[in-house]
Amino acid sequence: MASLEAYIRQRQRHKALLLMGHAVVGYPSLEANWQMLEAMQQAQVDLVELQLPFSEPIADGPVFVRANQQALAGGMTREQYFAFMQRAARAFDFPLLMMGYYNSIFQMGHERFCACLAEHGGRGFIIADLPPEEAGDLWPCAEAYGLAPIVLMTPLTPVARLHHLARFARGFVYCVARKGVTGKQTAVDRQVQEFLHRCRQATPLPLALGFGLRRGADLECIRGWADIAVVGTALLQAWEEGGPAAYRSFLAALARAAAGPT
Amino acid sequence: MYAELFQFAPGREGYYGAYGGAFIPEVLHETIAELRAAFAEAQADPAFWEAYVALLATYAGRPTPLTPLENLSRELGGARIYVKREDLNHTGAHKINNVLGQGLLARRMGKRRVIAETGAGQHGVATATMAARLGLACTIYMGAVDVARQRPNVFWMQQLGAEVVVVEEGTQTLKDAINACLRDWAESMDTTHYVMGTVCGPHPFPQMVTYFQSIIGREAREQVLASTGRLPRRVYACVGGGSNASGIFAGFLDDPEVELVGVEAGGHGRDSGRHAARLAYGQGRPGVAQGYKTYFLQDAEGQMRPTHSVAAGLDYIGVGPILAYLHECGRVRFEAATDAEVLAALQRVMRAEGIVPALESAHAFAVALHEVPALARDEVVLINLSGRGDKDIFTIAEALGDRAWRDFLRQRVRRYDEEGD
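Top line first, the protein sequences correspond to chains A and B. Each residue of the first sequence is one higher than the one before, counting from 1 in our numbering. Each residue of the second sequence is one higher than the one before, counting from 1 in our numbering.
Honestly, I wouldn't trust all of these hints.
[Unchecked claim] Here are the simulated distance ranges between beta carbons:
#1 B:Glu41 x A:His197: 32 to 40 Å
#2 B:Ala340 x A:Thr77: 52 to 60 Å
#3 B:Ala399 x A:Gln185: 41 to 49 Å
#4 A:Gly136 x B:Glu259: 28 to 36 Å
#5 A:Glu79 x B:Ile393: 44 to 52 Å
#6 A:Gln42 x B:Arg107: 40 to 48 Å
#7 A:Gly136 x B:Glu30: 17 to 25 Å
Because the hints were derived from the structure by calculation, they are not lab data. Where a beta carbon is used, it is the ideal one built from N, C-alpha and C, also for glycine.
Modelling step: build the complete structure from the supplied sequences, incorporating the hints.
Below, the structure is given as structure tokens:
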């Protein structure tokens with residue numbers, strides 16, 4: 001199997017900006033999640049992060065906090081999560097990444113988690129509350145199972161630390177567009193461009209930009225700055241407000257904006 | 001032992017054995033680094049501690065006295081009981097110590113706003129008080145369940161000029177208020193300091209809060225020696241996150257002959273599933289949440305379990321990483337007191353000594369009063385009376401089934417209804 005980075009580079013030959021979708025598994029339901037993924041496949045979304053719900057999601061804003069809570073209240077378990085991931089990995093073209101919080105991994109143990117994720121078709125993971133310094137042997141474990149641990153960089157990260165973080169990065173780098181938690185609109189401006197430029201100088205890996213991208217116009221703006229746009233909260237809100245139809249048409253608009261003028 | 005706790009091995013900064021660390025979103029990395037540096041600098045500056053002690057003396061009422069419980073000691077017939085009177089601090093609890101220390105630090109760092117979580121409301125009131133005094137803007141996050149049971153403290157926080165944000169997510173208690181603070185801070189860090197109220201959260205909070213609260217133990221050790229000529233056989237303190245316990249234990253960690261006893265919230269009892277005894281009941285397991293590694297009450301997959309205590313300040317999933325480590329080393333013994341035992345102890349202390357402990361502090365009394373008769377008469381035990389109980393009037397009156405109080409509330413409500421809004 002091609003590495004995650006190689007896959008991204010290959011997709012970039014056909015598209016100006018790739019698109020990464022997000023779903024909180026178990027919210028509103030596994031059936032709804034499946035329909036979301038079908039819509040993503042149809043819109044030719046390039047990557048998808050599947051969030052494993054956690055009771056204390058400190059990096060998430062109100063929409064995802066509620067989604068995590070309701071998924072757990074609905075009885076979502078780790079077993080169901082991985083079963084869903086396996087089904088999705090077999091059915092869809094896009095690579096799947098586990099997204100979540102460190103306690104879920106810590107409770108399984110690094111080795112068991114990596115083995116389980118790889119076995120169920122995951123290609124990497126994004127952990128919102130795990131600086132690489134605290135990761136112990138998780139990175140070597142991930143490597144042994146061919147998984148990409150995704151590193152996050154932020155506008156507040158000093159240049160020296162960007163370079164330090166880059167040494168841990170695999171697959172692509174997740175650039176957090178602004179301070180704060182997920183969900184709130186980000187002003188996609190010159191500061192974001194300069195931040196991405198700093199990241200670019202720190203790492204040769206593709207750059208994903210996420211947090212607060214909510215409109216096609218945001219994607220048009222970052223085309224040429226970032227390699228991948230991450231849309232999470234806005235997608236879930238489209239579903240909550242308008243159901244599957246609104247979700248599909250929002251995704252189509254995002255895909256058009258990402259693709260750029262033909 | 002106290003000093004060695006904070007001499008971290010290379011690459012293990014902020015760790016106490018396997019516990020502690022800083023499990024934070026990357027966006028907070030620089031903020032935490034800035035705080036670590038500012039705290040280290042303040043610690044190295046003797047003028048900072050002097051300013052802290054002076055502020056506590058002129059504003060908060062320190063040093064707090066040591067009171068012998070002569071009546072209860074006589075009734076129980078064992079060791080003599082002494083109490084460290086943190087309830088006599090301004091705002092009624094030990095929380096003011098940490099808050100004034102962090103307030104001075106926030107000012108040193110040029111921050112103009114403080115945020116804080118609160119459970120019982122004591123830390124929230126203390127933070128709002130400090131902010132008013134030091135001229136800082138203040139936002140307090142409090143779970144909706146806690147707002148409902150500690151309304152008087154909400155009133156005071158607002159009167160002191162703080163904005164109180166009611167947290168509606170999760171279990172709507174202390175842990176959810178901490179999550180809300182971390183989210184606020186991830187955005188507001190340029191202007192804002194997070195005044196963590198307990199010895200939990202990412203490094204350097206456990207160390208820093210212990211440092212400020214260590215004034216309790218420093219004073220208490222001197223006072224016990226001066227009053228009795230000997231060290232206490234045991235020191236008892238209640239443990240939610242563990243700030244008052246860490247503070248009083250700090251004074252005795254280097255005295256191996258002094259046994260340290262932490263008392264957790266036993267709620268409805270060991271097998272009820274409704275308690276917050278992470279260590280004493282052996283039901284907590286190591287995990288990572290809210291920025292640090294410790295024993296949490298959680299399920300097999302690492303989802304935090306709901307907790308319960310009659311005392312909102314002890315109703316929490318985790319325990320300070322330093323205490324978790326001291327538990328593993330066997331330096332601190334952990335016990336639990338149930339809600340019922342706590343109410344009984346509270347009534348006994350009120351009647352016998354004219355002292356009204358907070359429900360939190362009454363946990364330490366419950367275990368101490370139970371154990372004291374087995375000790376020799378020439379021995380001494382020390383209890384940390386971390387806060388006063390006035391704030392608990394609604395909860396205690398309800399738990400004791402006081403009809404007169406209920407009638408009074410009914411009358412009040414009737415009067416408001418008649419007057420209209």
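Taking the hints in turn, this is what the structure says about them:
1. Checked against the hint of 32 to 40 Å, the pair Glu41 of chain B and His197 of chain A passes, with Cβ atoms roughly 33 Å apart.
2. Roughly 35 Å separates the CB atoms of Ala340 of chain B and Thr77 of chain A, a value that falls outside the hinted 52 to 60 Å.
3. For Ala399 of chain B paired with Gln185 of chain A, a C-beta distance near 47 Å keeps the hint of 41 to 49 Å intact.
4. At about 34 Å, the beta-carbon gap between Gly136 of chain A and Glu259 of chain B stays in the expected band of 28 to 36 Å.
5. Range check, Glu79 of chain A to Ile393 of chain B: about 47 Å between beta-carbon atoms, so the 44 to 52 Å window is met.
6. Judged by the Cβ atoms, the range 40 to 48 Å given for Gln42 of chain A and Arg107 of chain B is violated: they are separated by roughly 56 Å.
7. Checked against the given bound of 17 to 25 Å, the beta carbons of Gly136 of chain A and Glu30 of chain B, roughly 23 Å apart, stay inside it.
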